[in-house]
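**Q** Chain residues, written in single-letter form:
2 protein chains.
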Amino acid sequence: MQNLVEQLNFKNGLIPAVIADNESKMPLTLCYLNEEALRKSLNTGIIHLFRRSKGKLMKKGGTSGHTQKIEEVRVDCAENSLLIYVSQKVAACHNGFFSCYYRRYNIEEDRLEIEGEKVFDPDAVY
Amino acid sequence: MQNLVEQLNFKNGLIPAVIADNESKMPLTLCYLNEEALRKSLNTGIIHLFRRSKGKLMKKGGTSGHTQKIEEVRVDCAENSLLIYVSQKVAACHNGFFSCYYRRYNIEEDRLEIEGEKVFDPDAVY
Numbered sequence: 012m013q014n015l016v017e018q019l020n021f022k023n024g025l026i027p028a029v030i031a032d033n034e035s036k037m038p039l040t041l042c043y044l045n046e047e048a049l050r051k052s053l054n055t056g057i058i059h060l061f062r063r064s065k066g067k068l069m070k071k072g073g074t075s076g077h078t079q080k081i082e083e084v085r086v087d088c089a090e091n092s093l094l095i096y097v098s099q100k101v102a103a104c105h106n107g108f109f110s111c112y113y114r115r116y117n118i119e120e121d122r123l124e125i126e127g128e129k130v131f132d133p134d135a136v137y
Numbered sequence: 012m013q014n015l016v017e018q019l020n021f022k023n024g025l026i027p028a029v030i031a032d033n034e035s036k037m038p039l040t041l042c043y044l045n046e047e048a049l050r051k052s053l054n055t056g057i058i059h060l061f062r063r064s065k066g067k068l069m070k071k072g073g074t075s076g077h078t079q080k081i082e083e084v085r086v087d088c089a090e091n092s093l094l095i096y097v098s099q100k101v102a103a104c105h106n107g108f109f110s111c112y113y114r115r116y117n118i119e120e121d122r123l124e125i126e127g128e129k130v131f132d133p134d135a136v137y
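Chains as they are written, first to last, in our numbering: chain B, 12 to 137; chain S, 12 to 137.
If you're looking for bench data, these hints aren't it; they were derived computationally from the structure.
From a predicted model like this one, the values you see are computed outputs, not experimental measurements.
Check before you lean on any hint, since a few could be wrong.
The list cannot tell twin chains apart, which means a pair is met if one copy fits it or any two copies do.
Said to hold, decoys possible - With a straight-line cut-off of 20 angstroms between C-alpha atoms, the simulated DMTMM-like cross-links for lysine to aspartate or glutamate are:
1. Lys36 to Glu82
2. Lys100 to Glu120
3. Lys51 to Glu120
4. Lys80 to Glu34
5. Lys36 to Glu128
6. Lys36 to Glu126
7. Lys51 to Glu82
8. Lys100 to Asp121
9. Lys36 to Glu83
10. Lys80 to Asp32
11. Lys51 to Glu119
12. Lys80 to Glu119
13. Lys22 to Glu120
14. Lys65 to Asp121
15. Lys129 to Glu90
16. Lys65 to Glu90
17. Lys100 to Asp32
Required output: the full structure, derived from the provided sequences and hints.
**A** This is how it looks when you write it as structure tokens:
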């Protein structure tokens, strides 16, 4: 995967990746990969990311078992970001929802509204 | 929109927004908004972004006319990014493709392959 790595524009060592559901095509989450996370993701076929808040490489779903199997990798026109379609186990969000984008912004009332149902109980998993 | 602005975690003044097609739900591009771009987007219903390479606020599609009408705004679980579903005029990518993610990575051959057809001729538009 040397060609890909050289082509991508890592910024401060990271590149953002939109993770989307391979079935519905809906975005699930946005994560950041460093070169090591990208190599590990492609070599294993499972999303690994660089968690900025913890400053380290992690397997997505490492604790919960809610892993993401890579189905397709796409690169944007400027080589500044990735789009990765995955098969998601159970749910992507640690709050129990399938997608991290489970809240819709109500513009008129200036507030967030929960959309969709909880798939699992976070207290029972973490 | 004061509540939303205060809730979001702008990093160095910016927040990333995944822009996705409201019809197919497929991601089209990733852009960055500062507070002013977010306010202008919500007030006008048309995506405005902060173009990092030019250091300024711009209307997406301002030159080409390929604007993005906001249909729905979603916020991720950590308030670190937005997902905005839009009605896309013509195409999102300045290279002539509907989505900026028009290249698929062929893992075995370590190269990018174009997927999908050109919607317009960039030389005729820009």
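**Q** The structure should be examined with respect to each hint, and the outcome stated for every one.
**A** Hints versus structure:
In this assembly of identical chains, lysine 36 and glutamate 82 lie within 20 angstroms of each other by CA distance both inside one copy and across copies; the values are 11 angstroms within and 17 angstroms between. Within a single copy, lysine 100 and glutamate 120 get their C-alpha atoms no closer than 34 angstroms, and across copies no closer than 28 angstroms, so neither meets the 20 angstroms cut-off. Taking the shortest alpha-carbon separations for lysine 51 and glutamate 120, only the inter-copy value of 17 angstroms comes in at or below 20 angstroms, while the best intra-copy value is 44 angstroms. For a Cα distance limit of 20 angstroms, the shortest separation of lysine 80 from glutamate 34 inside one copy, 12 angstroms, qualifies, whereas the shortest one across copies, 25 angstroms, does not.
In this assembly of identical chains, the alpha carbons of lysine 36 and glutamate 128 lie at most 20 angstroms apart whether taken from the same copy (18 angstroms) or from different copies (19 angstroms). For the homomeric pair lysine 36 and glutamate 126, the shortest alpha-carbon distances inside one copy (17 angstroms) and between copies (16 angstroms) are both at most 20 angstroms. For the homomeric pair lysine 51 and glutamate 82, the shortest alpha-carbon distance inside one copy (15 angstroms) is at most 20 angstroms, but the shortest distance between copies (36 angstroms) is not. Neither within a single protomer nor between protomers do lysine 100 and aspartate 121 lie at most 20 angstroms apart by alpha-carbon distance, with minima of 33 angstroms and 27 angstroms respectively.
Proximity of lysine 36 to glutamate 83 under the C-alpha cut-off of 20 angstroms is found in both arrangements, the shortest distances being 11 angstroms within a copy and 16 angstroms between copies. With identical chains, the CA atoms of lysine 80 and aspartate 32 are at most 20 angstroms apart within one copy only, with a shortest distance of 10 angstroms there and 23 angstroms across copies. In this homomeric assembly, lysine 51 and glutamate 119 come within 20 angstroms of each other (Cα to Cα) only across copies, at 15 angstroms, whereas the closest approach inside a single copy is 44 angstroms. Only between protomers do lysine 80 and glutamate 119 lie at most 20 angstroms apart by alpha-carbon distance; the minimum there is 17 angstroms, versus 38 angstroms within a single protomer.
Proximity of lysine 22 and glutamate 120 under a CA criterion of 20 angstroms is satisfied in neither setting, with 37 angstroms inside one chain copy and 25 angstroms between copies. Taking the closest pair of Cα atoms, lysine 65 and aspartate 121 never come within 20 angstroms of each other, the shortest separation being 32 angstroms inside a single copy and 31 angstroms across copies. For a Cα distance limit of 20 angstroms, the shortest separation of lysine 129 from glutamate 90 across copies, 18 angstroms, qualifies, whereas the shortest one inside one copy, 35 angstroms, does not. With identical chains, the CA atoms of lysine 65 and glutamate 90 are at most 20 angstroms apart between copies only, with a shortest distance of 17 angstroms across copies and 26 angstroms within one.
For the homomeric pair lysine 100 and aspartate 32, the shortest alpha-carbon distance inside one copy (10 angstroms) is at most 20 angstroms, but the shortest distance between copies (24 angstroms) is not.
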